[in-house]
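A.B. asks: If you want the building blocks of each chain, they are given just below.
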Amino acid sequence: MIITRPRDWSRIKANLAEIGARSVFLVGCGQCATVAHTGGEQELLEAKARFESEGIAVAGWAVGEVACHLGGTRLTTRKHHGELDEADAIVVLACGAGVQTVADSTSKPVFPGLDSVFLGNVIRHGVFEERCQMCGDCVLDLTAGICPVTTCPKGLLNGPCGGMWEGKCEVLTDRDCTHVRIQRRLAEQGRRQTDVLPPKDYSKKLKPGAINLRDGRTTRSGGEGR
Amino acid sequence: MSKLAEALGRGEFVVTGEVSPPLGTDVTAMLASVATLGPSCHALNVTDNQGATLHMASLAAARLVLDAGHEPIFQQTCRDRNRLALQSDLLAAWAIGLENLLVVTGDDPRGGDHPEAKGVFDLDSTQLLEVVSGMNEGRDMIGRELTGKTGFFAGAAAFPEAEPYEAQIVRAKRKVAAGARFVQTQAVFDMDKLARASRDLRAEGASVIAGILLLKSPRVVDFINNKLAGLMVPTHIEQRVRKATDPVSEAIELAREQVAACREVCDGVHIMPLGLDSAVAEILR
Numbered sequence: 001m002i003i004t005r006p007r008d009w010s011r012i013k014a015n016l017a018e019i020g021a022r023s024v025f026l027v028g029c030g031q032c033a034t035v036a037h038t039g040g041e042q043e044l045l046e047a048k049a050r051f052e053s054e055g056i057a058v059a060g061w062a063v064g065e066v067a068c069h070l071g072g073t074r075l076t077t078r079k080h081h082g083e084l085d086e087a088d089a090i091v092v093l094a095c096g097a098g099v100q101t102v103a104d105s106t107s108k109p110v111f112p113g114l115d116s117v118f119l120g121n122v123i124r125h126g127v128f129e130e131r132c133q134m135c136g137d138c139v140l141d142l143t144a145g146i147c148p149v150t151t152c153p154k155g156l157l158n159g160p161c162g163g164m165w166e167g168k169c170e171v172l173t174d175r176d177c178t179h180v181r182i183q184r185r186l187a188e189q190g191r192r193q194t195d196v197l198p199p200k201d202y203s204k205k206l207k208p209g210a211i212n213l214r215d216g217r218t219t220r221s222g223g224e225g226r
Numbered sequence: 001m002s003k004l005a006e007a008l009g010r011g012e013f014v015v016t017g018e019v020s021p022p023l024g025t026d027v028t029a030m031l032a033s034v035a036t037l038g039p040s041c042h043a044l045n046v047t048d049n050q051g052a053t054l055h056m057a058s059l060a061a062a063r064l065v066l067d068a069g070h071e072p073i074f075q076q077t078c079r080d081r082n083r084l085a086l087q088s089d090l091l092a093a094w095a096i097g098l099e100n101l102l103v104v105t106g107d108d109p110r111g112g113d114h115p116e117a118k119g120v121f122d123l124d125s126t127q128l129l130e131v132v133s134g135m136n137e138g139r140d141m142i143g144r145e146l147t148g149k150t151g152f153f154a155g156a157a158a159f160p161e162a163e164p165y166e167a168q169i170v171r172a173k174r175k176v177a178a179g180a181r182f183v184q185t186q187a188v189f190d191m192d193k194l195a196r197a198s199r200d201l202r203a204e205g206a207s208v209i210a211g212i213l214l215l216k217s218p219r220v221v222d223f224i225n226n227k228l229a230g231l232m233v234p235t236h237i238e239q240r241v242r243k244a245t246d247p248v249s250e251a252i253e254l255a256r257e258q259v260a261a262c263r264e265v266c267d268g269v270h271i272m273p274l275g276l277d278s279a280v281a282e283i284l285r
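In order, the protein sequence lines correspond to chains W and D. Residue numbering for the first sequence follows our numbering, beginning at 1 and increasing consecutively. Residue numbering for the second sequence follows our numbering, beginning at 1 and increasing consecutively.
Take these hints with a grain of salt, some might be off.
What the hints assert, rightly or not - Distance condition first, Cα-Cα at most 20 Å in a straight line; then the derived EDC-like pairs of lysine to aspartate or glutamate:
#, chain 1, residue 1, chain 2, residue 2
1, D, K193, W, E166
2, W, K204, D, D122
3, D, K173, W, D195
4, W, K207, W, D137
5, D, K227, W, D174
6, W, K207, D, D140
7, W, K200, D, D140
8, D, K118, W, E130
9, D, K243, D, E257
10, W, K168, D, E163
11, D, K118, W, D201
Worth flagging that the hints you see were computed from the coordinates, not collected in a lab.
Taking the hints into account, I'd like the entire structure generated from these sequences.
C.D. replies: As C-alpha cells, this is what we get:
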C-alpha cells in the first residue's frame, strides 16, 4: 500500500491563504490512507475540527472507496456537488495519485493534505516498512526474496559495502546488512549465490509509467490522457 | 606503465599514501602534503569527496599530483555519478595520464556534509570494475568500440576485519574477478585477520596493500570507534594510545610495528597519517 504522512499544516494554510480560500471541501481515501491513519474518516473529522477552529469553514467531506480511481472519484465529486460548489478549494488527504485524480474530477483548486512517502509493507497495525521500489526489473529471484535495491540504503546489487560490521548496516546501524541477510538465507535454503548481479536496466522504469490492457499493449512512457 | 604496478610485479613491498583535495581552489596545502608524502610512497591515493563531503574533483587533483612529479591513484566512487559520467571520467582520466585507479562504492550522502543529496549508486563498485576491465579491452559498457582504449591498473577496497568474514570476502573476491589487480584494505589492527584475507585475495591473483592508520591521540581512537561504523580499535591498542605519555611517538611506534608485521603477510601498506604526514618517513624506516 501507499504510505502517506501528514503534511506541514502551515503549508496547507499558506496554500489556502494564497488563493483567499475561506471554505474547503475535504476528500479522504478508503484504502491506503485509511489503513495508514492519515486520510480515513477519523482523520478527516480531525482535520475538519482543526480548520474550523482556525476560521476556515468546511463545506463538506467525503471518503471515497479509492481516491486514485478516476471513475469512483468522479462519482464522489458528483454526489457532493452542492457542497463542492460552496467550497473555495479542496484539500485531499490521500496520496499524490489521489490528489491528482481529484484535481482531474473538479474545476476547483485542489491541494495535497498529505505527503506520499513509500510503497509500504504492513508489518503490523500501524507499522509500515518500505520493501519494494517498483523498479520494473525484479531481482528477488536471485536475492532470496530480500530486495537489495530498496533495503540496502545505497541500493547496491552486489554487497556488502565496506562499512558492514558484525553483520550490521553502516548507514542504519541498528539494522542487519541486507547483503549478509541475503547470503544467509540463500545458504540456509541450500541455494547458490549468483556471481555478480549486472547493472540495473533503468529503462524499465521510465517515467511516466502507463499500461493499457484494453488495447493489448503495454506502454512505458506517455500517459493515456483523459 | 604504472610504477605501482611495476613495483608490485617485481615483488617489492609497496607504500601508498593518501591526499585529500581541498574544499576550494587553493591547492597549496594539498601540494605540501604531496611533497612530504610523495618521496616515501610509490603512489598517492587522491580521494573522491571522501566521507561524502565536498572537495575538489579527484580527477583534477590527481593530475596535479602527477604534475608535481608523483604517481597518483585516482579514486572513483559510485555515489556521485551515473554510468555515463563514470565512463566519461574514466576516459578523461586515462587521457590526462592517470594510470592507477581505485574503485569504491562511496559513503552514503546522509553521513556527509550534504545530507540532502541524492546518492546515485547507479553502478556498484564490482560492476564499475567490470566496466573498467571492458575499457581496458577497448569497449564501453554497451560494447561499443572505443577510439583509444584505457590501460588502468585498477584496484578495489576490502575490510579484512569485518565479520561475518565469509560475506565480505566473497564480495572482495568478486571484485578481483571483475578486474581488481590490487586491493587496499581499510585500517587493519588484527594481523591474523589481515593474513587470512591476504591469503584468500592473493590466491585470486590480487596484491594486498594493508591500511595503516596513525592513532595519534585518544581523540582519534574515539572518533574511529564512535563515528566510523565498522572500524573498531581493539582494547589493547586503545590502551596503549590512552596510557602513552607521548601519544604521537607511541602512534609512530605502533605503526612501525604494524608495518613490520605487514611485510610478513601482504604486499604493501597504505598509510593514512591523519595529518602527521611528516611522520610517514619515520614509520617506514
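A.B. asks: Please go over all the hints and tell whether each is borne out by the structure.
C.D. replies: Checked hints:
{"no.": "1", "hint": "D:K193 <-> W:E166", "verdict": "holds, 14 Å"}
{"no.": "2", "hint": "W:K204 <-> D:D122", "verdict": "holds, 14 Å"}
{"no.": "3", "hint": "D:K173 <-> W:D195", "verdict": "holds, 10 Å"}
{"no.": "4", "hint": "W:K207 <-> W:D137", "verdict": "holds, 14 Å"}
{"no.": "5", "hint": "D:K227 <-> W:D174", "verdict": "holds, 14 Å"}
{"no.": "6", "hint": "W:K207 <-> D:D140", "verdict": "violated, 26 Å"}
{"no.": "7", "hint": "W:K200 <-> D:D140", "verdict": "holds, 16 Å"}
{"no.": "8", "hint": "D:K118 <-> W:E130", "verdict": "holds, 18 Å"}
{"no.": "9", "hint": "D:K243 <-> D:E257", "verdict": "holds, 18 Å"}
{"no.": "10", "hint": "W:K168 <-> D:E163", "verdict": "holds, 9 Å"}
{"no.": "11", "hint": "D:K118 <-> W:D201", "verdict": "holds, 19 Å"}
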